[in-house]
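Work the whole structure out from these sequences, hints included.
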Amino acid sequence: MTKYLWMNAKHLLTNSYLIFWSILFIEFWVFMWAYVFGAYLPQMEEAVRLYMASAYGNLLMLSLSGAAITIASTLLYGSKSIRYVTKYTRLSPARFLIENFVSALIVLLTISAVMFLSVVGVFHAKFGFTILPVNPVGLLFSILLGAVFIYALAFFLNAVVVVLRSPKSSSFIFFLPLIFAFTAYAALWVDFGNLAYVSPFNCIVSTCYYYFSGKAPPTGNLTSMVQNNRPLVDVNMALASLIVWSIILMALNIILLRKMRGISIEEIRTA
Amino acid sequence: MIVCQNLYVTYKRRQEPVLKGVNGTFKGKSLILGPNGSGKTTLFRAVCGLTNITSGKILIDGKPVEEIYATKGVVSANFQEIYSLIDVKAFDLIRLYTDLAEGDPQLTLKIIEDFGITADFLKKRKLSELSSGQAKIFCTALALAMKARHVLLDEPFEELDPARKGRMVNYLNEYDGVVLINTHETWLLKNLQDWEAFLMFEGTLHGPLMVKDLLNARISMVEEPDALLRLRLSGRDINLVKGKGRGKLLTSLENLDKIYEIAEGPKA
Chain A
1 MTKYLWMNAK HLLTNSYLIF WSILFIEFWV FMWAYVFGAY LPQMEEAVRL YMASAYGNLL
61 MLSLSGAAIT IASTLLYGSK SIRYVTKYTR LSPARFLIEN FVSALIVLLT ISAVMFLSVV
121 GVFHAKFGFT ILPVNPVGLL FSILLGAVFI YALAFFLNAV VVVLRSPKSS SFIFFLPLIF
181 AFTAYAALWV DFGNLAYVSP FNCIVSTCYY YFSGKAPPTG NLTSMVQNNR PLVDVNMALA
241 SLIVWSIILM ALNIILLRKM RGISIEEIRT A
Chain B
272 MIVCQNLYVT YKRRQEPVLK GVNGTFKGKS LILGPNGSGK TTLFRAVCGL TNITSGKILI
332 DGKPVEEIYA TKGVVSANFQ EIYSLIDVKA FDLIRLYTDL AEGDPQLTLK IIEDFGITAD
392 FLKKRKLSEL SSGQAKIFCT ALALAMKARH VLLDEPFEEL DPARKGRMVN YLNEYDGVVL
452 INTHETWLLK NLQDWEAFLM FEGTLHGPLM VKDLLNARIS MVEEPDALLR LRLSGRDINL
512 VKGKGRGKLL TSLENLDKIY EIAEGPKA
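So the protein sequences, as listed, match chains A and B.
For the first sequence, the working numbering assigns the number 1 to the initial residue and increments by one for each residue that follows.
For the second sequence, the working numbering assigns the number 272 to the initial residue and increments by one for each residue that follows.
If you are wondering where the hints come from, they were derived from the structure by calculation, not from laboratory data.
Heads up, none of these hints are tricks.
Quick list of simulated restraints, FRET-style, between CB atoms: (1) B:Lys360 / A:Ile254: 30 to 36 Å; (2) A:Leu252 / B:Phe392: 41 to 47 Å; (3) A:Val163 / B:Lys334: 20 to 26 Å.
Glycine is no exception: its CB is placed at the ideal position from the N, C-alpha and C atoms.
In structure tokens:
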């Protein structure tokens, strides 16, 4: 490993945009879920557990999607350097991708841990009892899969902007993860049916929900008062979907990395 | 050794190429002189792999530039944009890049301190927060400390005072490897007399000549049979003639941009 891995992880973790949008902004929604949306929730452990599972899954998805914007932006600003270092230093394109991936993963997992602790802590303060995930190893696995997908997507979006030499469109393209995440967030009110497997964002929520609560979530419309006879998510299908999406995006990233010539910082600033 | 073969570079489709069939072999210490906008920086960017080659080839030690990956110690350059991998303090950038290229961090600091910039200062500022002169020194020092066989320096004397220019000349003369400098300033010629010189105008490379031959070269607008070089600028022929005679001394031009004033002026 080179110094790049830890320096990049430290740089991302101290990035003020990431701290604000992925942590502080989402912390606000943790309080909203606990104290405003959950104000009339019965003080029953099982009910709170399902509600918390939904809160953690949805807020984690939004938080990681916000981090994707920062990851993609830092890659865009360093794109000329990436081209140079992968040619003329010991950091090959594959090694760069691995080190960038690991450093981003450290950051995404740190965010996930912060979200987890705050959801558990704030819900404890509101409801007076501590609820921990039913399957912590499974939850960790689903968070890891979600983080891998989010990283692959962030890198892919950056690669598209760089290869198409379209820095002007970056402000829209880089926000796609957050736009998709809010679309998936709509599953609280809308039943996506089988589309829940197509959207990796819904899959992140579903798998987190399952491993946190021990129960498969419905394919949508989570806030509905009618709880019976709703189709449930096949968690194995959701996991498979996340894995397939991540593999496809990572394969595309490896191909696009060799085609990237980079965009200069001046070009990005004047776009 | 860097070899360019019939190199064309176009930035946007349907636009005129910036490099128009560049041919040249750079194997020692070479100076590329040319006015602003002549394609010098684009040539360096192409060698660094930072820009697409439209047609032609660049070979570095016999290997096409497009096929070079993860090969440390081959090419270093002083473009600020290649030292922007992470937006960290300048001091950390030295640690990062010398680690990636297995260069010499102490040498980088020695060169930088020789130009009056301290390590403590670099610990407080990012590269983007340095003045353009400081950033140029920083990037040039890093390029020289990467221990690369080929160093490409884009206008390394820009914004340096005369004393610092002299120090930079010493570092370049002492460097053990192929050094390519591009500049539009002519004062350098008397300090780099043993170097090869290429002239670049409107995307075309001319040369090589020896720098010492350029020192007393004159620019003539009439046809000279024993001209060192014949150029076509702004639709007119220009002859570079060695020795005494008609025409203005090349070194009397502060920079190569002024050659257009001669080319567009009356015949002399």
